[in-house]
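Undergrad: Chains A and B are the protein sequences, given in the same order. Per numbering that gives the first Met the number 0: the first sequence = residues 0 to 483. Per numbering that gives the first Met the number 0: the second sequence = residues 0 to 363.
Rather than coming from a laboratory, the hints here were simulated on the basis of the structure. These numbers were taken from a predicted model, which means no experiment stands behind them. Misleading hints may appear alongside valid ones.
To be verified - Only pairs whose alpha carbons sit at most 27 Å apart, straight line, appear in this in silico DSSO-like list of lysine-lysine:
| hint | chain 1 | residue 1 | chain 2 | residue 2 |
| --- | --- | --- | --- | --- |
| 1 | A | K118 | B | K117 |
| 2 | A | K456 | A | K430 |
| 3 | A | K143 | A | K130 |
| 4 | A | K118 | B | K342 |
| 5 | A | K118 | A | K437 |
| 6 | A | K277 | A | K225 |
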Amino acid sequence: MRLYRKEGNTVQILALPSGNVEKGDYLLIDDPATHRSLIAQVIDIQFANVPGILEELLRNSTTNGLVYEERFDPLDIASHVTYIQDSRLLVCKIRGTVEDGKLSVSASWLPSRSQSNVKRLPTASLLTLAKISEDLPVQLGETKELSQFTIDARALDGKLNIVTGKKGTGKSHLSKLLVLGLIDHGAMVVVLDLNGEYAHLGFSSNGEKNQHHNKIHVLTPGSNFKITLDQMKLRVMLNVLIHALHLPGTSAREFRRIWRFLQERNTLTLHELGETIKNWKCNQHVKDALFSRYYSLLNSGFFTDNPAEATNLEENFQRNREGGALILNLRDTSTVDRQIVVEYILGKLVDLLTQWKIRAVFLFAEEAHLYLRETYWDDIVTRMRHLGVFTTFVTNQPNTIRENIYRQADNIFLFNFTNEHDLETVSRATKVDAETVKSIARDLPPHHCLVLGNVVKDFPIAVKVRALDIQTTGQTRFFFIDKD
Amino acid sequence: MIEQLHYATTPKYNFPKPLEDLQLPQRFMELSLKSMKKIDGEYFQPHETTFYEFAKENFQDATSTFLHQPSPTLRPIPLKPISDDTTIIAIDVSSINVGETQTGVLCAVRGVIVWRGKNRYRCFHLGPFPFHVTEENKKEIYNMLRQCYFKVSEEASNPSLINMQIRICNLLERWLQMGVSCSSHRSIILWDGSLTAGTVDSPVNFVSQLLEMARNRLNTVLAFSKMTRLRISGHRLTDLIWKYPPPCLLQISNVPTHASSPMRFLGNIYVAKLTGGSCSFRLDIDKGVQHEKGIEAVQRLLGNDLLSQSYPETLRLAHIFSTFTANEVIGIQRFITQKCGLKIVTRPNVRRLLFGSFGKGAEG
Chain A
0 MRLYRKEGNT VQILALPSGN VEKGDYLLID DPATHRSLIA QVIDIQFANV
50 PGILEELLRN STTNGLVYEE RFDPLDIASH VTYIQDSRLL VCKIRGTVED
100 GKLSVSASWL PSRSQSNVKR LPTASLLTLA KISEDLPVQL GETKELSQFT
150 IDARALDGKL NIVTGKKGTG KSHLSKLLVL GLIDHGAMVV VLDLNGEYAH
200 LGFSSNGEKN QHHNKIHVLT PGSNFKITLD QMKLRVMLNV LIHALHLPGT
250 SAREFRRIWR FLQERNTLTL HELGETIKNW KCNQHVKDAL FSRYYSLLNS
300 GFFTDNPAEA TNLEENFQRN REGGALILNL RDTSTVDRQI VVEYILGKLV
350 DLLTQWKIRA VFLFAEEAHL YLRETYWDDI VTRMRHLGVF TTFVTNQPNT
400 IRENIYRQAD NIFLFNFTNE HDLETVSRAT KVDAETVKSI ARDLPPHHCL
450 VLGNVVKDFP IAVKVRALDI QTTGQTRFFF IDKD
Chain B
0 MIEQLHYATT PKYNFPKPLE DLQLPQRFME LSLKSMKKID GEYFQPHETT
50 FYEFAKENFQ DATSTFLHQP SPTLRPIPLK PISDDTTIIA IDVSSINVGE
100 TQTGVLCAVR GVIVWRGKNR YRCFHLGPFP FHVTEENKKE IYNMLRQCYF
150 KVSEEASNPS LINMQIRICN LLERWLQMGV SCSSHRSIIL WDGSLTAGTV
200 DSPVNFVSQL LEMARNRLNT VLAFSKMTRL RISGHRLTDL IWKYPPPCLL
250 QISNVPTHAS SPMRFLGNIY VAKLTGGSCS FRLDIDKGVQ HEKGIEAVQR
300 LLGNDLLSQS YPETLRLAHI FSTFTANEVI GIQRFITQKC GLKIVTRPNV
350 RRLLFGSFGK GAEG
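Using the sequences plus the hints, can you model the full thing?
TA: Here it is in structure tokens:
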């Protein structure tokens with residue numbers, strides 16, 4: 000391989016077909032004269048513009064099927080010609096410089112074109128150079144060279160993460176790996192599980208309980224997850240009424256009075272709430288509005304007047320003090336009920352964190368746009384992050400996540416996308432240049448992801464995500480069943 | 000050397016049998032390898048990829064330019080295509096300068112034969128064969144090939160190093176012509192160039208033998224010159240036919256040669272305009288073939304091959320396939336550096352050094 004051109008932070012390397020270099024691979028451009036090396040990542044592979052190639056292709060296309068050819072080439076020179084024909088141009092992005100064994104992101108120098116040696120840099124060596132520590136290892140999978148790829152759980156701590164890719168590429172699988180990796184290190188995790196995919200994280204594929212079983216707690220709203228009105232703060236309830244149930248301001252003010260009235264009498268139950276609304280002296284329209292919301296709350300099944308039936312979220316978190324995951328199974332929950340539950344959970348989390356009853360929590364939100372109200376997005380990446388809610392958004396529709404979220408994302412786990420619009424959206428992330436995202440992500444095979452951000456010290460690395468021995472749920476149901 | 004390297008020949012070989020028996024590839028290969036055996040570790044200056052090709056017919060024709068000759072007779076001959084499945088065979092070769100070493104030059108030659116029969120084309124590629132020609136071995140290479148294939152006992156004059164590439168190329172061409180002449184039957188054989196003999200590469204006896212060999216097997220040799228320097232009363236030969244409707248020939252009779260010149264025209268010279276378009280060519284038809292038979296051969300060519308711009312497709316393909324592309328030159332350079340351990344050096348371009356951006360043109 001030879002250094003051919005450099006323009007901006009892009010270098011072009013001339014390589015022969017035997018080089019076996021693929022997109023995402025790292026190269027070390029070593030300049031022996033200056034004792035420095037450039038680290039560059041291959042983002043595209045093109046055919047080299049070899050002189051005379053057009054004539055040869057035209058000549059060969061003339062003969063295809065029309066002319067029967069025989070060759071007497073005893074010196075086998077044709078193989079050399081073919082070899083040159085297949086020579087390629089590796090388009091690479093400069094990622095850093097190695098000088099005296101130390102890595103820096105600087106790339107303000109130019110290596111010698113004639114003297115530099117270009118060789119492949121194995122991912123394992125890159126990780127060592129970049130000093131990507133493994134104090135709290137979370138094994139994600141393996142690199143192209145079949146070496147294990149492990150990230151440090153600390154790199155997820157206090158960070159905003161995005162897991163994105165098109166359907167069926169393995170996003171949820173990676174999320175599960177991250178969830179289990181975090182709880183292994185004693186982290187507290189809350190999963191907003193839209194499709195009930197995480198409910199069986201505590202079971203092996205053969206149905207037996209696994210080592211995580213005691214740390215996985217699945218809460219299904221209306222079933223084993225109910226609360227009393229007393230557990231809910233007025234602020235949270237008003238959020239539910241206004242944002243989830245769209246209660247107008249005037250009615251909300253009336254509701255606040257009713258709530259306080261019941262609170263003062265220590266009769267804050269669902270039954271009493273209904274009775275009070277019925278007997279409350281107010282505008283009939285307001286009363287009707289309150290009644291309709293009351294029935295929505297009632298029908299959600301999420302509220303109960305029986306304290307024994309109610310779930311104490313605080314206790315659940317206390318049980319998970321040594322690490323555990325609270326899976327909020329939203330699978331069979333309607334859109335409105337989902338919003339009610341999520342409003343409650345987030346409100347409760349903020350309360351517990353504000354009171355330092357819990358230290359921090361890792362929140363995994365699948366397709367968050369389906370249940371997270373608009374105003375929460377900014378809240379999550381700013382205020383709530385400072386309180387200790389470290390969110391990981393998981394989505395196959397990258398345009399549902401706002402641009403400012405991408406800009407502030409610390410880590411991105413990017414799976415395959417082929418749609419230009421999706422790639423354009425993801426490429427707005429500041430952790431990597433748009434060309435890298437568009438070029439590499441387009442060609443990622445299923446179950447391979449491009450890891451970007453703090454976890455890899457801004458050296459994008461393509462990883463084959465490892466398999467998990469857990470019971471799979473949430474898989475698509477098919478009509479046509481394999482007869483075999 | 001052959002035993003050591005042991006190159007196996009192509010097992011499935013659709014080439015006419017007598018051509019194999021001549022064993023030229025084997026000898027060519029031997030000489031090719033032998034010539035390169037001594038260059039191990041030398042420095043190699045690759046030739047720039049903008050390559051050029053030596054036009055063999057120009058070389059021959061250049062020597063036979065004649066001006067202000069007494070006017071020969073011009074006789075237009077209209078043609079009618081005859082379709083009868085006659086096989087058309089075309090031969091072409093080319094050579095390329097691959098680079099220079101400390102002691103000599105590296106060149107490569109290649110030959111191609113194209114057949115058209117039963118409405119399909121077949122093509123046989125021979126080579127390329129690289130040669131390292133030095134002052135030491137040039138005579139040996141040339142005379143060995145010459146004696147081997149022309150069966151001439153006397154040694155030719157010592158060719159200059161710069162001409163060796165063309166010499167070797169011409170030898171290969173003559174050998175291919177011989178192979179085709181003695182292996183085909185009732186075919187039309189197309190040569191690239193003219194039927195002018197009497198040069199070092201084309202001894203009169205040898206070319207006469209070639210033509211006779213072809214005639215004995217009822218073949219007719221037609222030679223097409225893409226460019227000719229023949230002029231009649233100052234007019235370019237190929238310009239004389241423009242007023243006649245195609246397809247037609249214009250016979251140039253009584254073309255004189257200097258008595259002192261060793262050059263001999265072994266063919267009747269015509270100007271051929273076989274299709275519409277702006278091109279016409281000098282066409283030499285074997286003098287040993289009766290005039291009528293010669294014209295009939297051109298009519299058979301018209302009826303059995305495709306023609307574009309008055310040029311036969313078979314010969315066009317032979318030319319295209321034998322031409323070296325820049326990429327092939329790089330491939331040959333790679334082969335030589337790998338097999339012979341040559342070290343590539345880039346000599347400074349003197350023009351560039353002296354004149355900077357004004358130093359254009361070839362190095363030197």
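Undergrad: Confirm or reject each hint.
TA: Hints and how they fare:
Proposed proximity of K118 of chain A and K117 of chain B is contradicted: the alpha carbons are some 54 Å apart, above 27 Å. Distance restraint check for K456 of chain A and K430 of chain A: the Cα-Cα separation of roughly 10 Å lies within the 27 Å cut-off, and the hinted pair is therefore satisfied. In summary, the hint linking K143 of chain A to K130 of chain A is supported, as the alpha carbons are separated by about 19 Å, within the 27 Å threshold. With a C-alpha separation of about 22 Å, the suggested pair K118 of chain A and K342 of chain B falls inside the 27 Å cut-off, and the hint holds.
Simply put, K118 of chain A and K437 of chain A have alpha-carbon atoms about 25 Å apart, close enough for the 27 Å limit, and the pair holds. Restraint check for K277 of chain A and K225 of chain A: the C-alpha separation of about 24 Å stays at or below 27 Å, so the hint holds.
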